[in-house]
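Taking the numbering used here, the leading residue of the sequence shown gets 425, the next gets one more, and so forth.
Fair warning: there could be bad hints in the mix.
Stated by the list, open to error - Quick list of simulated restraints, FRET-style, between CB atoms:
1) 672 <-> 503: 57 to 63 Å
2) 504 <-> 713: 35 to 41 Å
3) 558 <-> 674: 58 to 64 Å
4) 615 <-> 667: 54 to 60 Å
5) 630 <-> 672: 32 to 38 Å
6) 667 <-> 451: 57 to 63 Å
7) 496 <-> 670: 57 to 63 Å
8) 451 <-> 541: 39 to 45 Å
Bear in mind the hints are in silico, worked out from the structure with no lab data behind them.
Bear in mind the structure is a predicted one, so any value in this text is a computation, not a measurement.
The C-beta atom is built at its ideal place from N, Cα and C for all residues, glycine as well.
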Amino acid sequence: MTTTPTGPAGTAPVVRARGLRMAYGGTDVLHGVDLDIRRGEVFALLGPNGAGKTTTVEILEGFRQRSAGEVEVLGADPARAGDAWRGRIGLVLQSWRDHRRWQVAELLTHFAGYYPEPRDPDELLAVVGLTGQAGQRVDRLSGGQRRRLDVALGIVGRPELLFLDEPTTGFDPEARRGFHDLVERLAREEGVTVLLTTHDLAEAERLADRIAMLVDGRIRACGTPAELAARAAARAEVRWTAPDGERRREHTADPSRLVWELHQALGGPIADLEVRRPTLEDTYLHMLHGRPGTEGGHGTTGPADSGSGADSGSGSGEGADADADRARAA
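Please build the complete structure, drawing on both the sequences and the hints.
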């Protein structure tokens, strides 16, 4: 098990789990997961389909009973927390029931009514770039617009802790950048803690202060993106063309020193020099398969989460009020 470090001395983590276990029938899905997530931190949970990501998050949200272990979220056990606690957290689900006949502003105002001090719906629509769609029906939105509405619904209640499940699915590059800026603003300026589940390594590296890699129900690694990249099994690779024209390569933990030694040995510039350093993707692939990424640094990620099996989500098939409760309406 890997235990993530706590925050500053005397500061209790927003999310704390110790020995978290989950079994379905005779099958163990989580095998003693330990987590600490700090206030104001963007924390990414990475893992392939079936790794236990959704199960872990649903336990933290209070929507699934754990088999064993201790869990504390915002100072309470999610399994026993009440409505006041639910009003302090927000969700952006990967999928949930469409309210096709609702207008955008109408739906957001409806959700806002469940919270004691919600954000102003009009201001929030401007933040997520949907002012022009305020009077439009939900079923007329594009995929990216619908995802931005999901984000607005998740943060309308001013949550202290925000769960984001594959949040930028369907976003175009401009919308993705805008969403990333919004998440960073929520964390840095408002102190919102963000738990992000994603298969997008670039997004995790861009947003997360720390990343945990969940594989086969266990936390295999946890740290900052730079720390995890440094843990890659593949050391830096140095390539060059020797004086005889032969292409050479060597793996080393100290590429700068190797390049200096080559320069000294060759007595001048090194032909066709390339240095490839380990990446977050290398670490991820090593945790999954025990191997580094491809030589060119373009290895594939794990399979996309299909939302099936023990690691499936549970955000569909409910009406507007039930969805509002699922989104932590008080």
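Evaluated hints:
1. 672 <-> 503: 57 to 63 Å: 59 Å, holds
2. 504 <-> 713: 35 to 41 Å: 39 Å, holds
3. 558 <-> 674: 58 to 64 Å: 60 Å, holds
4. 615 <-> 667: 54 to 60 Å: 59 Å Cβ-Cβ, so the 54 to 60 Å window holds.
5. 630 <-> 672: 32 to 38 Å: Because 34 Å falls inside the window, the suggested range holds.
6. 667 <-> 451: 57 to 63 Å: 59 Å, holds
7. 496 <-> 670: 57 to 63 Å: 60 Å, holds
8. 451 <-> 541: 39 to 45 Å: 43 Å, holds
In summary, the structure agrees with every hint in the numbered list given earlier.
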